[in-house]
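K.L.:
In the order they appear, the protein sequences are chains V and F. Take any residue in the first sequence, count from 1 to its spot, add 13: that is its number in this note's numbering. Take any residue in the second sequence, count from 1 to its spot, add 38: that is its number in this note's numbering.
Heads up, a few of these hints could be off.
[What the hints assert, rightly or not] Derived DMTMM-like pairs: lysine to aspartate or glutamate, alpha-carbon spacing no greater than 25 Å straight-line:
{"id": "1", "chain 1": "F", "residue 1": "Lys378", "chain 2": "V", "residue 2": "Asp118"}
{"id": "2", "chain 1": "F", "residue 1": "Lys375", "chain 2": "V", "residue 2": "Asp118"}
{"id": "3", "chain 1": "F", "residue 1": "Lys233", "chain 2": "V", "residue 2": "Glu19"}
{"id": "4", "chain 1": "F", "residue 1": "Lys127", "chain 2": "V", "residue 2": "Glu57"}
{"id": "5", "chain 1": "F", "residue 1": "Lys101", "chain 2": "V", "residue 2": "Asp26"}
{"id": "6", "chain 1": "F", "residue 1": "Lys102", "chain 2": "V", "residue 2": "Asp47"}
{"id": "7", "chain 1": "F", "residue 1": "Lys101", "chain 2": "V", "residue 2": "Glu57"}
{"id": "8", "chain 1": "F", "residue 1": "Lys101", "chain 2": "V", "residue 2": "Glu40"}
{"id": "9", "chain 1": "F", "residue 1": "Lys122", "chain 2": "F", "residue 2": "Glu315"}
{"id": "10", "chain 1": "F", "residue 1": "Lys466", "chain 2": "V", "residue 2": "Asp121"}
{"id": "11", "chain 1": "F", "residue 1": "Lys81", "chain 2": "V", "residue 2": "Asp118"}
{"id": "12", "chain 1": "F", "residue 1": "Lys102", "chain 2": "V", "residue 2": "Asp22"}
{"id": "13", "chain 1": "F", "residue 1": "Lys378", "chain 2": "V", "residue 2": "Asp121"}
{"id": "14", "chain 1": "F", "residue 1": "Lys375", "chain 2": "V", "residue 2": "Asp121"}
{"id": "15", "chain 1": "V", "residue 1": "Lys135", "chain 2": "F", "residue 2": "Asp418"}
{"id": "16", "chain 1": "F", "residue 1": "Lys102", "chain 2": "V", "residue 2": "Glu57"}
{"id": "17", "chain 1": "F", "residue 1": "Lys101", "chain 2": "V", "residue 2": "Asp121"}
{"id": "18", "chain 1": "F", "residue 1": "Lys101", "chain 2": "V", "residue 2": "Glu19"}
{"id": "19", "chain 1": "F", "residue 1": "Lys101", "chain 2": "V", "residue 2": "Glu43"}
{"id": "20", "chain 1": "F", "residue 1": "Lys572", "chain 2": "F", "residue 2": "Asp175"}
{"id": "21", "chain 1": "V", "residue 1": "Lys24", "chain 2": "F", "residue 2": "Asp93"}
{"id": "22", "chain 1": "F", "residue 1": "Lys232", "chain 2": "V", "residue 2": "Asp22"}
{"id": "23", "chain 1": "V", "residue 1": "Lys158", "chain 2": "F", "residue 2": "Asp110"}
{"id": "24", "chain 1": "F", "residue 1": "Lys292", "chain 2": "F", "residue 2": "Asp395"}
{"id": "25", "chain 1": "F", "residue 1": "Lys102", "chain 2": "V", "residue 2": "Asp121"}
{"id": "26", "chain 1": "F", "residue 1": "Lys101", "chain 2": "V", "residue 2": "Asp118"}
Please keep in mind that the hints were generated in silico from the structure rather than gathered at the bench.
Here is what each chain is made of, one letter per residue.
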Amino acid sequence: MPMSTEKTDAKIDGECLALGRYLFNQEVNEYVRDKYRSANAMLELGNTVGHFDALLVSIAVRHPLLAKACDAYARFFVPQGALRKKMVLLLAIAEVTPPTFRFLDATDSGGWFMFFVRIMWKGMGMVFFLLPALFVLLPLQLLLKMIGFTRWKGESHV
Amino acid sequence: MSEVTIVGSGASAVHFALSVLQMGYTVTMLDVGYAKPETVNPKDTLNGLKENLADPVGYFLGKKYQALILPDAEKEYYGIPPSKDYVFKIPENFREQSTGFEPLFSFARGGLAEAWTGGAYAYNDEELADFPFQYGDIEPFYNEIAKRIGILGDNDDLARFHPWHEHLLPPLELDEHAALLYAGYQGKRELLQKKFSCYFGRSRLAVLSRDFAGRQACDYSGRCMWGCPSDSLYVPSLTLEICLTFPAFTYIPKMLVTHFNYGAANRIETVVAYDLEKKQAREFPVRRLVLAAGTLGTAKIFLNSIHRQTGQILTLPGLMDNRQILIPFINLQLVGKPFKPETYQYHQLAMGIAAADPRKFVHGQITTLKTALMHPIIKDIPLDLKTSIFLGRNLHAALGVANINFHDDRRPGNYVTITADPDPLRAKLLIKYSPPARENKNLKNLISQVKRILLKLGVVVPPGMLHVRPMGASVHYAGVIPMSTASAPLTASADCRSHDFPNLHFVDGSSFPFLPAKNLTFTLMANAARVAKKEF
């Protein structure tokens, strides 16, 4: 049974808030949520995804640490999947909307040295999250593929 | 009946029209003419738009999110801004099918150059070697066009490739990144010239650095990509506005010209257009017809006309386009530095790589990225998205793209033709293109050379982000009805008069016998003015 519009909207709003907190360390405003919701519907980002894709989104929105693991995994193993599409959509909306565009246009202080330290730290962080994600998500992805579970059987939105 | 009927309103059409209007002719222009939307908040800077618009997402990404580039999209680094969608809108009746070519068509008021980046470079004598005239013959018309539209440039190292003509305005203020690159070049000038035959200089741009002919100088609003709000970046619709002030000029929009009819001695008598509003064909009597619908549009009208009258399906060989490679780079000196969005946004620097055969000169335009949307770049960084955003924020000021352009020759295997259909509106334009032999090897060598040049300037090319654009992407189409001194069928005279139809002229790229690496638009305009002077 498809979810009611109200329930679906609330779920998409929650997804937008969770991904916004993860990507930009801030609550996205109502305008961004409204645009994210309309783009999801217009671009059918929730309607045509596979079972694993849907699962990845539902895990990512539970906690920023889980989002980090799913994000790292998706970059290498599901690069064109629903999670990355939704995150890129949110980034595109945020980069032209106040106040998030100011965050995206700003640099971190500290110059070259601190940039280098930060990128090393973040790179190590990505590997740290990618490894456990790999152990859990890769077998799951292969298993779902093997049993031919290509469509999310339940809801029309993930 | 007008003395001259022009099809199209692009760069060549409007300058041809203005030239003959100034000579006292009566002119009718038939055009589809999709119009530019109203400029929003003309006083706002780019960030001002983000702050002040009620729906910034609708403006920057489009109501249907058409400028959004998702991870499964082709690797392009700029989407077409929604405010320029009208430039690429196609009437539903227009049909084409291409192999090895991804063409863009424009039916906009002002044509494809409504969305150009303003590169205005004159061809030199070597590049004109296949043309039936020399630089000295077209120079007065380059001067005339420069006087009409305003072109800026500097007498720098690139003047050896781009002839120094009259009426050049002083260049714009460089942004910080472009200034660093240029200073880097100045410091290693001799080495780069000697080792790589590489020369840098200021882009020649159809942009105003001071108020000119009723238009304002560039005010550095940072809105270039979304449509210059002050008209300092020249577009052909500005010249169309001037044409409209002449009582002898009639502009008829919403007309998709399909073919012309001819009688005895192949004299064209009427031109037929499909009225997109009334949804019916309309016939216009003509004395002298000038096709300026763009190389592909002109070819379709020409082929349809012959097919309709003789039943023959002809093929026009020699289609050309500039291969383009986008090479994104990072300037290590600007890592972690903030950027200033209130600057000129398109290429301010150009580069040239000389070749043993001067016709094979390679032309590059260097764009430092400031206000371009970042998500198309960030999504391609090979890290998780959160880390990629961190990189994007801290590398924004350091990012740039070198757009490297290559020349093209007329080759028989690259052609346009049409499908057989008694209804010219239903006939499909067929395009076939194959790159030259050994192209891959040549591109590989050149890419490696450009990477080494950039490295000398303190700039690195991140792996996996280079993009060889498909043929058709540069929108510099030319060559299917070439100028020729021999009076052969399906060619044009030195002054672009058809060798098949005595009262027909081609003033767009269709009559170019060679396509140098540099943008052809300035030469299209100058050649149109030359044809007007020589033939009318």
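K.L.:
Taking the hints in turn, state whether each one holds.
P.N.:
To see whether the hints hold, each was checked on the structure:
| no. | hint | in the structure |
| --- | --- | --- |
| 1 | Lys378(F) / Asp118(V) | holds, 10 Å |
| 2 | Lys375(F) / Asp118(V) | holds, 11 Å |
| 3 | Lys233(F) / Glu19(V) | violated, 66 Å |
| 4 | Lys127(F) / Glu57(V) | holds, 24 Å |
| 5 | Lys101(F) / Asp26(V) | holds, 20 Å |
| 6 | Lys102(F) / Asp47(V) | holds, 14 Å |
| 7 | Lys101(F) / Glu57(V) | holds, 15 Å |
| 8 | Lys101(F) / Glu40(V) | holds, 24 Å |
| 9 | Lys122(F) / Glu315(F) | holds, 22 Å |
| 10 | Lys466(F) / Asp121(V) | violated, 55 Å |
| 11 | Lys81(F) / Asp118(V) | holds, 22 Å |
| 12 | Lys102(F) / Asp22(V) | holds, 19 Å |
| 13 | Lys378(F) / Asp121(V) | holds, 16 Å |
| 14 | Lys375(F) / Asp121(V) | holds, 9 Å |
| 15 | Lys135(V) / Asp418(F) | holds, 17 Å |
| 16 | Lys102(F) / Glu57(V) | holds, 12 Å |
| 17 | Lys101(F) / Asp121(V) | violated, 33 Å |
| 18 | Lys101(F) / Glu19(V) | holds, 23 Å |
| 19 | Lys101(F) / Glu43(V) | holds, 18 Å |
| 20 | Lys572(F) / Asp175(F) | holds, 11 Å |
| 21 | Lys24(V) / Asp93(F) | holds, 23 Å |
| 22 | Lys232(F) / Asp22(V) | violated, 63 Å |
| 23 | Lys158(V) / Asp110(F) | holds, 20 Å |
| 24 | Lys292(F) / Asp395(F) | violated, 45 Å |
| 25 | Lys102(F) / Asp121(V) | violated, 34 Å |
| 26 | Lys101(F) / Asp118(V) | holds, 24 Å |
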